[in-house]
Amino acid sequence: MRLLVLEDEPALRETLAQQFRAAGFTIDAAADGVEGEFAGLEYPIDVAVVDLGLPGRSGLEAIRAWRKAGKAFPVLILTARDSWQEKVAGLDAGADDYVTKPFRFEEVLARVQALLRRSGGWSQPLLKSGAVELDTRAQEVRVGGTAVELTAFEYRLLEYLMLRAGQVVSKAELTDKLYEQDFERDSNTIEVFIGRLRRKLDPEGTQQPIETLRGRGYRIARG
Amino acid sequence: MAPASPSLQIRLLLTLAVLLLAAAAIAAWSLESLYRNLGLQALEDVLDAQVIALISTAEIDADGRLVPQNLAEPRLATPGSGLYAEIVSSRGSWRSPSALGSGLNLDAQPSPGGRRLEHARLADGTRVIGLSLGIRWEPPEGEARDFVIRAAQSLEPWYQQMHRVRTGLITGSVLLGLFLLGGLAVALRVSLKPLRRLEGEIVDIEAGRRESLGAGWPRELAGVTGNLNALLIGERKRLERYRTTLGNLAHSLKTPIAAMRGLIEGGRAGPQALSPQLDRMQAIVQHQLKRAVFGGSGTTLTDLAVQEPLEQLRAALAKVYADKNVRATLAVARGTAYPIDAGDFLELAGNLMDNACKYCRNAIAVRATPWTAAEWRRPGLVLDVEDDGSGIPPAERSRVLDRGARADESVAGQGIGLSVAREIAAAYSGTLEIGESRMGGARISLRLPGR
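Keeping their order, the protein sequence lines are chains A and B.
In this text, residue positions in the first sequence follow this note's numbering: the first is 1, and each later residue adds one.
In this text, residue positions in the second sequence follow this note's numbering: the first is 1001, and each later residue adds one.
Only chain A is shown next, with the shape it has when bound in the complex (with noise of 0.2 angstroms):
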């Protein structure tokens, strides 16, 4: 999943971007709104975490134009003051939801998450694909009830196919999403992983979970 973390203050937007790799995302991070609303328009982005209160061109701005230019990704807000008059501006901007500075980590995750699950179109937290089980909140896969262990790339991709599920995802999609802006590209790791994938989720291959389409890429069905 690829997030934008839009924040002007280094410290935090710093420990916010490590926070978010460790927890299995790709970070884009801009320092203020020129630069922010330019990656929102410009990058593939999942979910934005914006700061409402930037130097030059506020968060509210950034966010408008985005909407404006039709991008649909969640955003999430953080707003130091907390008062109702902020939040109904950041929400009826186009926001989805709102934290409150100062905040823990936990809660923002928590609602990222949230926001990503509820625009693949899941209402719960638990994402379900035939036997495969995903718990966006632990973190945890299980295929009929038996916890499955998997990497942290590999639980970003099964993640990214399952808050899709019934849709096809290129390799070049997956690519954008799962890595780094400067990473090296090689369709043939994402070959690599989604084999992995399939032997952990399915060693016998009688569920095959995961769909290939030949030349479009890949399908996990939904429910």
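Bear in mind the hints are in silico, worked out from the structure with no lab data behind them.
Computed from a predicted model, the values in this text were never measured in an experiment.
Mixed in with the good hints, there may be bad ones.
[Unchecked claim] Calculated Cβ distances over 10 angstroms to all of chain A for the following chain B residues:
no. : residue
1   : S1005
2   : A1028
3   : A1053
4   : R1166
5   : P1339
[To be verified] Subject to a maximum C-alpha distance of 30 angstroms in a straight line, what follows is the list of computed DSSO-like cross-link-like pairs (lysine-lysine):
no. : chain 1 : residue 1 : chain 2 : residue 2
6   : A       : K101      : A       : K128
7   : B       : K1193     : A       : K101
8   : A       : K128      : B       : K1319
9   : A       : K177      : A       : K200
10  : A       : K68       : B       : K1319
11  : B       : K1324     : A       : K101
12  : B       : K1358     : B       : K1324
13  : A       : K101      : B       : K1237
14  : A       : K68       : B       : K1237
15  : A       : K101      : B       : K1254
16  : A       : K128      : A       : K71
17  : B       : K1319     : A       : K177
18  : A       : K177      : B       : K1324
19  : B       : K1324     : A       : K71
20  : B       : K1358     : A       : K101
21  : B       : K1324     : A       : K128
22  : B       : K1254     : A       : K71
23  : B       : K1237     : A       : K128
All C-beta atoms in this analysis are idealised placements derived from N, C-alpha and C, irrespective of residue type, glycine included.
Chain A is fixed; fit chain B onto it per the hints.
Showing chain B alone in chain A's frame:
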């Protein structure tokens, strides 16, 4: 500082002085011209009568002149009497004895039947008014002849009279104007007295000698003084609130600070140990800030139409509680408005609606209606927020409203919404009541009085 503008009293007096001067001048001028016209008419009438009298006794003498046979008017016989007469014709003329040596030189020559009035001067400079009448004399035998009969009268007495009249008129106008201006100055002093009192009381308030304006103001000022008093009370309440908040904040931060100091001095300041203290400090700051943000009532506020902010809150909360899929119905009586700070209203309604969304199963209802009473010029507002949750038991209700009101009590950060809403309502002299909803859960009724 801008240069002081002339006082109201000076402005009024100057304007009125100019007006009075103009009015007096117009009145004096009209009176004078009326008097003059009447006087001239009377003079003309006298001259007319003289001319008629002359004709009635005139006979043609041997020289062919037309001569009055007896002078009924003795003044015509007295030289320098001021009344003069002459009858002129082509064959010679007659002059009254009074005109001898006077240098009377009227020169109007009206044709028979004509009549001319003229002003002239005598040799000694006396101004006279003269009337000339042309006649055709037809004796029983002989031919008809034309004569001009003239009578003239000195204008000097009349001019003297006019002068006295003018002097009287001007003196009277000036005296009347001065009297009126003086009266106005007194009237102004009397009517502006409450304003001076207001000024004095405001100075006293600034100097801290009094807390609010006194009572017993004239009707025209009662609105202003009432609003000023409300503003003063509002400001004082706000100041008290800030003081309390600051005090609570400082006081409640002391405990975690002391704990952290203890941990550091004891060499046990690891993240595990410090984190709960930081959490506590964070909760305290958040909690106290939330109580301090609202603006409070002001009499200067304009009416806020509540429909739009309520719609905004509904849209915002629909996003925040997207997982719960809350069905929020909004019923706002047409044109419902209340003089409240927009931020305060969002905070009030936001806390109530947020609370309802938090505790509902899947539906909340918001109803806003004006609250009218006979003694209010501006209506109050009733905002009912209901949910279909499990409600608040009667025993819990007052505790819920008081939750977190004191800094050293639990500051979980959760559930303080209602007590914050109650504090904002109190700043507008309003109340918050908890009841039961027909939907099954709680009904929170906010009542903000009118004015």
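Verification of the supplied hints:
At roughly 39 angstroms from the closest C-beta of chain A, the C-beta of B/S1005 stays outside 10 angstroms, upholding its exclusion from the interface. Against the 10 angstroms criterion, B/A1028 stays outside the reach of chain A, whose nearest CB is about 69 angstroms from its own CB. The claim that B/A1053 is not at the interface with chain A holds, since no C-beta of that chain comes within 10 angstroms of its own (minimum 104 angstroms). Once the 10 angstroms rule is applied to beta carbons, B/R1166 is consistent with being away from chain A; the minimum gap is 76 angstroms.
With a least beta-carbon separation of about 17 angstroms from chain A, B/P1339 lies farther than 10 angstroms from that chain, consistent with its non-interface assignment. The straight-line distance between the Cα atoms of A/K101 and A/K128 is roughly 34 angstroms, outside the 30 angstroms bound, and the hint therefore fails. The hinted pair formed by B/K1193 and A/K101 fails the criterion: a straight-line CA distance of about 56 angstroms is larger than 30 angstroms. Of the supplied pair hints, the one linking A/K128 and B/K1319 holds, its CA atoms being roughly 24 angstroms apart against a limit of 30 angstroms.
As the CA atoms of A/K177 and A/K200 are separated by approximately 22 angstroms, the hinted pair is consistent with the 30 angstroms bound. Straight-line distance between C-alpha atoms of A/K68 and B/K1319 comes to about 18 angstroms, which keeps the hinted pair within the 30 angstroms bound. At roughly 24 angstroms between alpha-carbon atoms, B/K1324 and A/K101 fall within 30 angstroms of each other, so this suggested pair holds. Restraint check for B/K1358 and B/K1324: satisfied, since their Cα atoms lie roughly 9 angstroms apart, inside the 30 angstroms limit.
For the given pair, A/K101 sits about 28 angstroms from B/K1237 by alpha-carbon distance, which is consistent with the 30 angstroms threshold. The straight-line distance between the Cα atoms of A/K68 and B/K1237 is roughly 44 angstroms, outside the 30 angstroms bound, and the hint therefore fails. The hinted pair formed by A/K101 and B/K1254 meets the criterion: a straight-line CA distance of about 21 angstroms does not exceed 30 angstroms. The straight-line distance between the Cα atoms of A/K128 and A/K71 is roughly 27 angstroms, inside the 30 angstroms bound, and the hint therefore holds.
A threshold of 30 angstroms between alpha carbons decides the hint, and for B/K1319 with A/K177 the separation of about 25 angstroms falls inside it, so the pair holds. Proximity of A/K177 to B/K1324 is assessed by CA-CA distance (about 29 angstroms); at most 30 angstroms being required, the pair is judged to hold. Between B/K1324 and A/K71 the CA atoms are separated by roughly 25 angstroms; this keeps the pair inside 30 angstroms, and the hint holds. Between B/K1358 and A/K101 the alpha-carbon distance is near 20 angstroms, which keeps this suggested pair within the 30 angstroms criterion.
Restraint check for B/K1324 and A/K128: satisfied, since their Cα atoms lie roughly 19 angstroms apart, inside the 30 angstroms limit. Restraint check: the Cα-Cα separation between B/K1254 and A/K71 comes to about 47 angstroms, which exceeds 30 angstroms; the hinted pair is violated. Among the hinted pairs, B/K1237 with A/K128 is inconsistent with the structure: their alpha-carbon atoms are about 56 angstroms apart, more than 30 angstroms.
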